[in-house]
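*Asks:* What follows is each chain in one-letter form.
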Amino acid sequence: MTGALACTAAEMMTVAAARALTDDDVCFVGIGLPSAACNLARLTHAPRLRLIYESGTVETRPDVLPLSIGDGELHDTALTTVSVPEIFGYWLQGGRIGVGFLGGAQVDRFGNLNSTVIGPYGSPSVRLPGGGGAPEIATGCGRIYIIMPHTRRAFVERLDFVTSLGHGPTGRERRALGIATEGPALLVTDLCMMKPDPDTKAFEVVSLHPGVTRETVREQTGWALRFASQVGETPPPTSVELDTLRDLQARTARAHGASTGAVPVRGRA
Amino acid sequence: MLRLDEAIARFVTPGNRVALEGFTHLIPFAAGHEIIRQRIAGLTLIRMTPDLLYDQMIGAGCANRLVFSWGGNPGVGALPRFRDAVEHGWPHPLEIEEHSHAAMAHAYAAGAAGLPCAIFRGYLGSDLPRVNPNIRTVTCPFTGETLASVPAIRPDVTIIHAQQADRDGNVLIDGIVGVQKEAALAASHAIVTVEEIVDRFQAYGRSAVILPSWTIAAVVHAPGGARPSYAHGYYGRDNAFYAGWDAIAKDRDTFRAWLQEHVQ
Numbered sequence: 056m057t058g059a060l061a062c063t064a065a066e067m068m069t070v071a072a073a074r075a076l077t078d079d080d081v082c083f084v085g086i087g088l089p090s091a092a093c094n095l096a097r098l099t100h101a102p103r104l105r106l107i108y109e110s111g112t113v114e115t116r117p118d119v120l121p122l123s124i125g126d127g128e129l130h131d132t133a134l135t136t137v138s139v140p141e142i143f144g145y146w147l148q149g150g151r152i153g154v155g156f157l158g159g160a161q162v163d164r165f166g167n168l169n170s171t172v173i174g175p176y177g178s179p180s181v182r183l184p185g186g187g188g189a190p191e192i193a194t195g196c197g198r199i200y201i202i203m204p205h206t207r208r209a210f211v212e213r214l215d216f217v218t219s220l221g222h223g224p225t226g227r228e229r230r231a232l233g234i235a236t237e238g239p240a241l242l243v244t245d246l247c248m249m250k251p252d253p254d255t256k257a258f259e260v261v262s263l264h265p266g267v268t269r270e271t272v273r274e275q276t277g278w279a280l281r282f283a284s285q286v287g288e289t290p291p292p293t294s295v296e297l298d299t300l301r302d303l304q305a306r307t308a309r310a311h312g313a314s315t316g317a318v319p320v321r322g323r324a
Numbered sequence: 200m201l202r203l204d205e206a207i208a209r210f211v212t213p214g215n216r217v218a219l220e221g222f223t224h225l226i227p228f229a230a231g232h233e234i235i236r237q238r239i240a241g242l243t244l245i246r247m248t249p250d251l252l253y254d255q256m257i258g259a260g261c262a263n264r265l266v267f268s269w270g271g272n273p274g275v276g277a278l279p280r281f282r283d284a285v286e287h288g289w290p291h292p293l294e295i296e297e298h299s300h301a302a303m304a305h306a307y308a309a310g311a312a313g314l315p316c317a318i319f320r321g322y323l324g325s326d327l328p329r330v331n332p333n334i335r336t337v338t339c340p341f342t343g344e345t346l347a348s349v350p351a352i353r354p355d356v357t358i359i360h361a362q363q364a365d366r367d368g369n370v371l372i373d374g375i376v377g378v379q380k381e382a383a384l385a386a387s388h389a390i391v392t393v394e395e396i397v398d399r400f401q402a403y404g405r406s407a408v409i410l411p412s413w414t415i416a417a418v419v420h421a422p423g424g425a426r427p428s429y430a431h432g433y434y435g436r437d438n439a440f441y442a443g444w445d446a447i448a449k450d451r452d453t454f455r456a457w458l459q460e461h462v463q
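Line order of the protein sequences matches chains A and B.
For the first sequence, our numbering gives the first residue as 56, with consecutive numbering after it.
For the second sequence, our numbering gives the first residue as 200, with consecutive numbering after it.
One chain only, chain B, in its complex shape (with noise of 0.2 Å):
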């Protein structure tokens, strides 16, 4: 068990592939601004929907590179920051490899298999392959079928929110699970910020997903870690904050006073 600040200045180095995971539910903030806070740079941020978190990695200057499959505020609109990279090159331009859902769900579970590549039915007649080299097909040896296939990912560290860690260090998640154990496993080392240290796991919800401590470079005690977005079973969502994001973000300089105030 390491601090926050340990765990980030130990395991994120510049120009590293990261990914920050959590669908809608458990998206690690707290991490995500200790990143911003230690200034490292030149990454290439990887997330099936870049959420909020990216687009404030994203205007704080930590990306280099986005690798992502859905790039909106989820019921409320556009990521002015992500938008504002993409668009305008502002802070600096931001290269894009764009993906669908299925494609990077795939991608992490061939991630955590050890498979070079995900192969799966997708894509067909879309203008996506068009746009990133990464879209391929492979031919099925026993059928002939065309099927899809992009790069696996491997992630040189992912970083995930979760309820509860045991003392040994083993790790709860619940509710929503999303992408988060196949993200855990695809990574040379996998931090894991958690609501809670407790002594032994009680009853859990029939969709927990436990990783083992073994699979952990890292677990750092970070109550509310995943707010404004929620974690089952401690706080909600707080969809205000979301829906005023707006406000904060479509300008650079209140975006920077936000920045400022809140993460730096």
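So that you can see chain A by itself, here it is in the shape it has in the complex (with noise of 0.2 Å):
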């Protein structure tokens, strides 16, 4: 990465990321890359950004990222804690949730995504997690913001299985399905930036990062990728960002080193 500022392509797609959300935002935050960049837009230009985690910490405003969804220090730090039929009920469907932060094993040209199974589902070469929150958070938040390091595996051409909704299969059921939020609206990597054609709805490259050029971003992408007319370059991370970034990652890593010494207790009491 040329400039001042040498840092990794994982910080660039964070900072990038971080950048996307705003003040006024109300994000429903997953774990890993999207509470990385949530936190890290919180604590530079968005302060009074309001995270909420599916856990039901509502308006957290956790001091090290979380392990876990539900981790004490997000009850610590929020503004009120609810239940999990509570925040999926009143918040998520009730319409009250602006951006959702979404990532997966896969994902294709018009952001759907695919978090279950690799391979058939009745007999999976690899059984990943599954849904979880995606698949509801995917069409109630109003829009959707996608986080994930761009490889060939991960960006296909066709999903082995559709966990959440993006476009749809060709970029057009959203609406056929009655569906009035807007859907993916930005997808970060760490190569570049993307947004949907507003005709076709396929992810195309609106800026490389740093040093990134367009035969590596293609090399990585496993549909026929196109640019848009006017592709600039993402502006590399300030100091500031960097520093709260890495200053926010060394914090979490001695938080999460220490542990308590407990190993399961035989719990005949």
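If you're looking for bench data, these hints aren't it; they were derived computationally from the structure.
Note that this is a predicted model, so its numbers are computed, not measured.
Positions of the beta carbon are idealized from the N, C-alpha and C atoms, including for glycine.
Hints should not be assumed to be uniformly reliable.
What the hints assert, rightly or not - Quick partial rundown of chain A residues pointing at chain B, CB under 7 Å, derived from the structure:
1. Ser123
2. Gly125
3. Gly127
4. Val139
5. Phe216
6. Val217
7. Leu220
8. His311
Claimed, not checked - Computed, partial: chain B to chain A, Cβ under 8 Å:
9. Gly271
10. Ser299
11. Ala301
12. Tyr307
13. Leu323
14. Gly435
15. Asn438
Build the complex from these two chains, which are given one at a time in their own frames, with help from the hints.
*Replies:* Take a look at the structure:
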């Protein structure tokens, strides 16, 4: 990567995703890359960003990134904590969440995601964790941002399984299903940023991260990739963005490295 | 109030539909381990996030069916014993009924409310309804909207872990409360393991849930009963154990050795 600030591709991806969030957003956050991006945004340009995790924690402001979706840190720093049926009922289905952040094992050009199986469902070669909150996040949030490392294995022509709907197998299914929400609006990878073409809804590259070529992105994409008429360069991370992200990750590593020393007890009381 | 071994022996029988709930927080590990020790098999295990506990119970051979919505090791990766059961049928084949979180959360609430099914807006455009015949649709009689429907979850037994019970057997759950209230009220019998028995509940947090004693079949004093998950106000999550689980569980022999040493 060029420029004064050397950073990793993963850091560039997280910073680029964080920039998509604004002070006015209410965001449904998943664990991992989405959680890092959302908290980076909150700690830099979007201090009022409201984060909601599916464990029921509303307006949470964790000091360290949670390892799991229901870490105590999320409750301790939340405005309020509600039950899981309530978070999916009143908050997500109720249409109160503007942005959902998703990832998966596979994505196609229309932003449909697979987090269920590789291979046939009945005899999978890899059984993945499954959908969790994603099927309803994908249609219940106002719009969806996808964040995923860019590899040919993950960016596929055809998904093995549609766990959560993007713009559908042909790009036109949301309207046919009567879905009023926007669907995938942004795809952030460690190589580039993509947005859907307004007509076809197929994702196309709108900016390349510093030092990344069109050829590299093409090689890592399993569909016939298109580039927008104007392709810019993603601005590299600022020192504030990079320092804040690294501090957050260092705090997180220190916190999670500390075991309570407990092994499961036999529990004979 | 019963001892843990008594409560499990009395209420959990082979072939039951059993839910051990707790969303990252308050996962009833001690009770699950007692089910493993009593070699209760043929269970339908129900849980939104199977987590390490169901990985252990599946690997130990307790389950022949799993109803779930997210089967991973949160923030770490896969559940090796769950994967081995689905991909290779070890220790025996595991039938799965797969949902989304929203579906299971609404299905528990429907169970608690005594309804036959849950109705919600979900699964739109997903392949899950094609592989799970229990995901169906209903038409709203007022608007004509097509909505998703799944059967209510009505476990024979729900087991949860809580911070406190008082002397009368009422139960206090504080912190991230997950789906435990609904899961307990949906069940024919609810067993609650607790960190502490107190004379009366002191001040508690904003999200706290109280389950009256008459909704619970058995209260069991089991300090540390949620480890390696956590109990808000008592102990933190043992993240190192979660991070190290793959090394223990990815191999059948090391898993069995661990089970032998720490559970059986």
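*Asks:* Compare the structure with each hint and give your call.
*Replies:* Outcome of the hint check:
no.: 1; hint: Ser123; result: 3 Å, holds
no.: 2; hint: Gly125; result: 3 Å, holds
no.: 3; hint: Gly127; result: 6 Å, holds
no.: 4; hint: Val139; result: 5 Å, holds
no.: 5; hint: Phe216; result: 5 Å, holds
no.: 6; hint: Val217; result: 4 Å, holds
no.: 7; hint: Leu220; result: 3 Å, holds
no.: 8; hint: His311; result: 5 Å, holds
no.: 9; hint: Gly271; result: 3 Å, holds
no.: 10; hint: Ser299; result: 4 Å, holds
no.: 11; hint: Ala301; result: 4 Å, holds
no.: 12; hint: Tyr307; result: 7 Å, holds
no.: 13; hint: Leu323; result: 5 Å, holds
no.: 14; hint: Gly435; result: 5 Å, holds
no.: 15; hint: Asn438; result: 5 Å, holds
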